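K.L.:
Quick note on my numbering: the sequence shown kicks off at 26 and runs consecutively.
To be clear, the hints were calculated from the coordinates, so they are not data collected in a lab.
These numbers come from a predicted model, not from an experiment.
For each residue, glycine too, the CB sits at the ideal point set by N, CA and C.
Just to be clear, a hint being listed does not mean it is correct.
Said to hold, decoys possible - Restraint ranges, calculated between C-beta atoms of paired labels, are given here:
id, residue 1, residue 2, range
1, Thr217, Leu35, 20 to 26 Å
2, Lys350, Pro175, 27 to 33 Å
3, Thr358, Ala198, 23 to 29 Å
4, Met38, Thr217, 37 to 43 Å
5, Glu224, Ala369, 17 to 23 Å
Stated by the list, open to error - For lysine to aspartate or glutamate, the following EDC-like pairs were computed, each having C-alpha atoms within a straight-line distance of at most 20 Å:
id, residue 1, residue 2
6, Lys121, Glu145
7, Lys320, Glu284
8, Lys221, Glu145
9, Lys352, Glu145
10, Lys212, Glu224
11, Lys212, Glu145
12, Lys212, Asp94
13, Lys246, Glu225
14, Lys320, Asp259
15, Lys352, Asp259
16, Lys350, Asp259
17, Lys209, Glu284
18, Lys209, Asp295
19, Lys352, Glu225
20, Lys320, Asp295
21, Lys209, Glu145
22, Lys350, Glu224
23, Lys350, Glu284
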Amino acid sequence: MARETAIIQLKLMVPCIVFSGPVGLGYGRLSAEGNNFIASISPALSSISIAVSCVIYAFIRGSEKIPVDYTLFGGILLACGSSLGIIFQWLIQVTKYKKNRCDVAFMSWLNILKDIDVNEFFMLMIPATLVSGMVPIASITDFYFASFIPGAAAALSYAYLLAMAPLGIISSAIVLPLVPTFSKLTKPSSWTSLMKNLEEAILLCMVIALPLTSTMCVLAKPIVSIVFQRFTFDSAVTTLVSTLLPCYSIGSPFYIIRELLVPVFYAFGDSQLPFFISTLALVSNSFLDWLFISKFCLGAQGLALATSFVHALSASLLLHLLLRKLKGLVNSTALIGPLAQLVACCVVSGITTAVTHGILQPLLSLSILRSSLSLFNYSIIFHAQSL
């Protein structure tokens, strides 16, 4: 049944492939024209559409008046929600362009391909596009090995989502705004400023990522239980996912460092090195998956650890190559000292949190905690309505 559901979902989500290119180009144009509000708020349409499909599923499932296969029906609703979301994004862009009466200028492809800037753009973007494509390939490799372990594929998805969600926020809030700054500091005379900005960005990311890693490693089971445990997501699944979350979390700092370093190489016009390192990481991930599953028998935890090790390898190689390029401008004390202090603080904080949780857990069950959180949310809503 899972295979048939996935096949139907893939067919229904074909519009996501068709519209992703035009939607991405449209957001780029809107941002360049200063229409940042539409460009930033429109991606939420996909989330809203998926949420609406979940509400429809819950309503129909609760009524139990329609005799359908709810597993297949839920998968179809999610796929339709995803496709409708990206179609809505495209329609908003078309409406915006029509309102502004944007004219379309037709150009010969031969003239475009002869342009020097266009050629340089493709020389940079083709390897960068391949690098982006290696991430889902690595996920496919993980899921291939996970198919030998009952329930591992779903558990890996939940744990990876929970570990990577905060990093996506960090990447959007910190890394992306720094890309134009890196591009302006690629001249040799500006390398000192580039290194200073890079050191500050790394420290800022680590100030956020390391405490998150410490918290997720120590409180993995309560976090998974509060976020996911309901309906068919029972305590057994919570236990499995909570063992995977720390394995993914230890690679989070390296992941965000890699996301920070790759744009620096692109700013220098070098996309070959990130492509080579990503290829090496993909091969290493496949080898580690096989090694941890076949030889060490680590199970699903081995697949998560392989992903974290690959993040560490990629970040280390990128940092080494960049420091070699900027040789003589690196202030190791300014970077290593604060990082060592931060790691020590996170270790102490993690130990303290673990001890405190062990003491308070018998006194404050998760059910009481959920009730308290619900009461807190209702009080906020009531207060907002009163205002």
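K.L.:
Each hint needs a verdict: does it hold in this structure or not?
P.N.:
Comparing the hints with the structure gives:
1. With their beta carbons about 50 Å apart, threonine 217 and leucine 35 fall outside the hinted range of 20 to 26 Å.
2. The supplied range of 27 to 33 Å is broken by lysine 350 and proline 175, whose beta-carbon atoms lie about 47 Å from each other.
3. A hinted range of 23 to 29 Å for the beta carbons of threonine 358 and alanine 198 is consistent with their spacing of about 28 Å.
4. The supplied range of 37 to 43 Å is broken by methionine 38 and threonine 217, whose beta-carbon atoms lie about 48 Å from each other.
5. For the pair glutamate 224 and alanine 369, the beta carbons lie near 19 Å from each other, so the given range of 17 to 23 Å is met.
6. Restraint check: the Cα-Cα separation between lysine 121 and glutamate 145 comes to about 31 Å, which exceeds 20 Å; the hinted pair is violated.
7. Taking the CA atoms of lysine 320 and glutamate 284, the gap is near 31 Å; set against the 20 Å cutoff, the hint is violated.
8. Taken as a hint, the lysine 221 and glutamate 145 pair is broken in the structure, with Cα atoms around 28 Å apart against an allowance of 20 Å.
9. For a cut-off of 20 Å, the pair hint linking lysine 352 to glutamate 145 is broken: about 27 Å separates their Cα positions.
10. For the suggested pair lysine 212 and glutamate 224, the alpha carbons sit about 18 Å apart, so the restraint of at most 20 Å is met.
11. A distance of roughly 18 Å separates the Cα atoms of lysine 212 and glutamate 145; the hinted pair therefore holds under the 20 Å criterion.
12. Of the pairs offered as hints, the one joining lysine 212 and aspartate 94 is violated, with about 61 Å between alpha carbons and a cut-off of 20 Å exceeded.
13. A hinted pair counts as satisfied when its Cα atoms are at most 20 Å apart, and lysine 246 with glutamate 225 does not qualify at roughly 33 Å.
14. For the suggested pair lysine 320 and aspartate 259, the alpha carbons sit about 30 Å apart, so the restraint of at most 20 Å is broken.
15. Restraint check for lysine 352 and aspartate 259: the C-alpha separation of about 53 Å exceeds 20 Å, so the hint is violated.
16. With a CA separation close to 51 Å, the supplied pair lysine 350 and aspartate 259 exceeds the 20 Å bound.
17. Taking the CA atoms of lysine 209 and glutamate 284, the gap is near 18 Å; set against the 20 Å cutoff, the hint holds.
18. Note on lysine 209 and aspartate 295: the hinted pairing holds, with a Cα-Cα distance of about 15 Å set against a maximum of 20 Å.
19. Proposed proximity of lysine 352 and glutamate 225 is supported: the alpha carbons are some 18 Å apart, at most 20 Å.
20. Annotation: proposed proximity of lysine 320 to aspartate 295 is violated, straight-line Cα distance about 38 Å (limit 20 Å).
21. A distance of roughly 18 Å separates the Cα atoms of lysine 209 and glutamate 145; the hinted pair therefore holds under the 20 Å criterion.
22. A threshold of 20 Å between alpha carbons decides the hint, and for lysine 350 with glutamate 224 the separation of about 15 Å falls inside it, so the pair holds.
23. Between lysine 350 and glutamate 284, the direct Cα distance comes to roughly 18 Å. Compliance with the 20 Å bound is thereby established for this hinted pair.
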